[in-house]
Amino acid sequence: GGIITQTPKFLIGQEGQKLTLKCQQNFNHDTMYWYRQDSGKGLRLIYYSITENDLQKGDLSEGYDASREKKSSFSLTVTSAQKNEMAVFLCASSMGLGHEQYFGPGTRLTVL
Amino acid sequence: GDSVTQTEGLVTLTEGLPVMLNCTYQTIYSNPFLFWYVHYLNESPRLLLKSSTDNKRTEHQGFHATLHKSSSSFHLQKSSAQLSDSALYYCALASSSFSKLVFGQGTSLSVVP
Chain A
47 GGIITQTPKF
57 LIGQEGQKLT
67 LKCQQNFNHD
77 TMYWYRQDSG
87 KGLRLIYYSI
97 TENDLQKGDL
107 SEGYDASREK
117 KSSFSLTVTS
127 AQKNEMAVFL
137 CASSMGLGHE
147 QYFGPGTRLT
157 VL
Chain B
13 GDSVTQTEGL
23 VTLTEGLPVM
33 LNCTYQTIYS
43 NPFLFWYVHY
53 LNESPRLLLK
63 SSTDNKRTEH
73 QGFHATLHKS
83 SSSFHLQKSS
93 AQLSDSALYY
103 CALASSSFSK
113 LVFGQGTSLS
123 VVP
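Respectively, the protein sequence lines represent chains A and B.
Going by my numbering, the first residue of the first sequence is number 47, and it counts up by one from there.
Going by my numbering, the first residue of the second sequence is number 13, and it counts up by one from there.
By construction, these hints were calculated from the structure, which means they are not laboratory data.
Heads up, a few of these hints could be off.
[To be verified] If the Cβ cut is set under 8 Å, some of the chain B residues that face chain A in the computed set are: (1) V50; (2) L53; (3) P57; (4) R58; (5) S63; (6) A99; (7) S108; (8) S111; (9) Q117; (10) P125.
By construction, the Cβ of each residue, glycine as well, lies at the ideal position given by its N, Cα and C atoms.
Model the full assembly from the supplied sequences, consistent with the hints where possible.
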């Protein structure tokens with residue numbers, strides 16, 4: 047088995063601030079993902095990385111950057127936090143694109 | 013492009029009644045993979061069950077689903093709801109083993125005494 051850790055668990059930022067969320071996995075999975083979870087909107091893909099040196103935009107990439115520092119880690123940056131933005135950001139990993147995804151516990155973002 | 017539709021945003025059930033959460037999908041590919049994920053409060057989402065075989069019932073932890081390609085459906089069912097089943101349920105589609113998952117909007121299941 048393995049585990050996905052996300053830091054921080056809670057993130058409070060100011061409008062316009064640049065905020066970074068981190069994700070680590072020890073499954074030795076090639077593929078990693080960042081999702082945003084909003085009530086009633088499901089899981090929306092922000093960025094994903096198929097292999098260590100790859101980066102792909104998802105459906106919701108505007109306003110975000112991502113970085114796959116190494117096989118086990120994948121970071122997400124909110125480039126300019128929007129006031130009253132509240133969401134949960136979930137990191138996931140899988141052996142490959144069509145395979146079962148394993149999720150982390152999430153980072154809950156609040157922007158004041 | 014590929015899409016998944018979960019028609020119910022919120023389902024409230026009395027304990028002991030049957031559960032059915034709807035999932036339909038659209039894809040041009042003939043051999044999709046369908047998944048149900050469950051997200052309990054304060055836990056990580058996890059896979060509940062998956063299938064790529066037409067008309068074959070898949071079961072796990074008391075839940076079951078059957079992929080019906082003729083109707084593009086993969087509904088989640090359970091014969092008797094328990095309080096502990098209260099969670100957010102996502103249906104997801106991978107149109108092939110090389111495609112990323114597409115998630116539905118999610119259905120929040122609330123089981124009450």
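How the hints compare with the structure:
{"no.": "1", "hint": "V50", "result": "11 Å, violated"}
{"no.": "2", "hint": "L53", "result": "11 Å, violated"}
{"no.": "3", "hint": "P57", "result": "4 Å, holds"}
{"no.": "4", "hint": "R58", "result": "7 Å, holds"}
{"no.": "5", "hint": "S63", "result": "12 Å, violated"}
{"no.": "6", "hint": "A99", "result": "13 Å, violated"}
{"no.": "7", "hint": "S108", "result": "6 Å, holds"}
{"no.": "8", "hint": "S111", "result": "5 Å, holds"}
{"no.": "9", "hint": "Q117", "result": "4 Å, holds"}
{"no.": "10", "hint": "P125", "result": "24 Å, violated"}
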